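Produce the complete structure using the sequences and hints provided.
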Amino acid sequence: MTPGEIRRAVWALVLGLFVTMIAGTVVANALPRIMGDLHGSSTDYTWVVATTLLLMTATVPVWGKLADLLNKKMLLMLGLAIFTVGSALAGLAHSTTWLIAARAVQGVGAGGTSALTQVALAAMVPPRERARYNGYVGSAWAISNVSGPLVGGLIVDTPGLGWRWCFYLCVPLSAVAFVMLGRTLRIPNERRPVRIDYLGATLIPGGVGLLLLWMTLGGDLVGWVSGAGLALLLGGVAALGLAVVVETRVAEPIVPPHLFRERTIVLAVVATVVTGAVSITVPLLFSQYFQLGRGCTPTVSGLLTAPMVCALAVSSNIGGHAISRTGRFKGILVGGAVCLCGGLALFSTIGAHTPLPAVGAYLAVVGVGLGMTAQNLLVVVQNAAARGDLGAASGTVAFFRSLGSTASVAALGAVYGDRAARQLGTGLAAAGLPAGTAADAHSVPRLAELSGPVAAVVRHAYGNALGHTWLLGLPLTLVALAAILAIPGIRLGTTGDHDIAASSDIAASSETSAAGAPVGG
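For reference, each letter of the sequence shown is one residue, going -2 to 518 in the numbering used here.
Don't read these hints as lab results, they were simulated from the structure.
Treat each hint with caution, since some may be false.
To be verified - Now the in silico label distances, taken between C-beta atoms and shown as ranges: (1) 95 - 246: 47 to 57 Å; (2) 324 - 4: 31 to 41 Å; (3) 257 - 192: 16 to 26 Å; (4) 91 - 246: 46 to 56 Å; (5) 325 - 156: 13 to 23 Å; (6) 95 - 235: 42 to 52 Å; (7) 237 - -1: 38 to 48 Å; (8) 348 - 237: 52 to 62 Å; (9) 199 - 453: 33 to 43 Å; (10) 426 - 161: 33 to 43 Å; (11) 155 - 228: 39 to 49 Å; (12) 471 - 263: 20 to 30 Å; (13) 199 - 348: 15 to 25 Å; (14) 426 - 325: 56 to 66 Å.
Because the structure is a prediction, the values reported are computed rather than measured.
Each residue gets a CB set at the ideal place from its N, CA and C atoms; glycine is no exception.
Written as structure tokens, this is what we have:
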């Protein structure tokens, strides 16, 4: 592919990834309205977000491995088509059960798009150039996570639209990306025997799904150590344990075990879990903080995350171009990890009365950190993996990033909700107000429906609970920094799949010519 063809294909990939990723967070500011219209509970509230993340996480390794065996372009377009169908079904939902099921379909499609976008990019450009193009893809991935709540808020607050357009909007955008990919994307496909690990493809998503269900439902619908809770936990552990045995014995494992014998890949995956956790949890928790802790509208809540969006976009592109120019990535990654640590330390100081400009500055610091690390960690893994494992390696990174996102939404979301509920109970008691005047333990307060004194207590509770939540998340960024510091500072190569494929073709042609056989027609 020529540079111009590559650029057009990359923009098609960016659009497809942006649409599928924004679907995960666009509902953040629309959920209160959605739950009101569909008469949903606080459990439904959680599952509308968690279902998409869960299915995306569980299916990513399968999509990634299939990319090593089947036509990459066909798989990418199939994932986008599945996502589009799920989006249309979600917009038509008339019950929370229907909506959650449609979000599950979206998650399966999003898993394919997120994994295969990285595979397609790696197949088109050499390692050093991947850093530059991954800057664009990284911007799409992270900006979609952060800007989703803003888009959702604008849609909900715009007369004549309503929350259903949070899903309908994805349909035409996905269709445009589908057509663009069909016209621009040309990926070399190696002819390899198709031996699909069906057992691994069942055990890995099944085990991950059971563990994520345990993390999401634990302490709410089921007790952590109740019969149902233990069944989910032990079932997930058993399925993944069996998957490890299976993956070491099959010819084409879904997640090749030898990948984890490469130190660089292991360290990059550890850091990837953290960046995935931060990128999705920040917009979701701050959406609640701005609306419930500061009394902002959904639209204003989304706008207040703009510093993070802008900082992320700028740092992602600057970092990608710097790595592409020099071939060195270690300094960029370390700088980004330091920003993440500093940003979460600043988050831990946020309270109900922290000046909003200061909150914006803190968000910008985290945005810089994510922009410098998230996609560049993928470049490191792709550079360390063998060419035949490119799809599985990219899928593994996407899997662990999604796993970090899903686990953090469940864990930190539960911490934030529990902390706010405790402070709410204490505040109501101190004000001499009945405990049930704001909300029960399983519902989300609606400030507009509360009296002035009660609303003030709610704002104080949700405003002050955020800092405590991020204090618990701070050690994760320190782990990411330690992992990045341990990654060897090697230099990226300049030969990609196209170059290798072309060289192989030339060599084969030369050998055939030397043997006296005709070449070409």
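Going through the hints against the structure:
| no. | hint | verdict |
| --- | --- | --- |
| 1 | 95 - 246: 47 to 57 Å | 41 Å, violated |
| 2 | 324 - 4: 31 to 41 Å | 21 Å, violated |
| 3 | 257 - 192: 16 to 26 Å | 21 Å, holds |
| 4 | 91 - 246: 46 to 56 Å | 47 Å, holds |
| 5 | 325 - 156: 13 to 23 Å | 52 Å, violated |
| 6 | 95 - 235: 42 to 52 Å | 32 Å, violated |
| 7 | 237 - -1: 38 to 48 Å | 44 Å, holds |
| 8 | 348 - 237: 52 to 62 Å | 40 Å, violated |
| 9 | 199 - 453: 33 to 43 Å | 52 Å, violated |
| 10 | 426 - 161: 33 to 43 Å | 40 Å, holds |
| 11 | 155 - 228: 39 to 49 Å | 45 Å, holds |
| 12 | 471 - 263: 20 to 30 Å | 23 Å, holds |
| 13 | 199 - 348: 15 to 25 Å | 47 Å, violated |
| 14 | 426 - 325: 56 to 66 Å | 57 Å, holds |
Of the numbered hints stated above, those contradicted by the structure are hints 1, 2, 5, 6, 8, 9 and 13, listed in ascending order.
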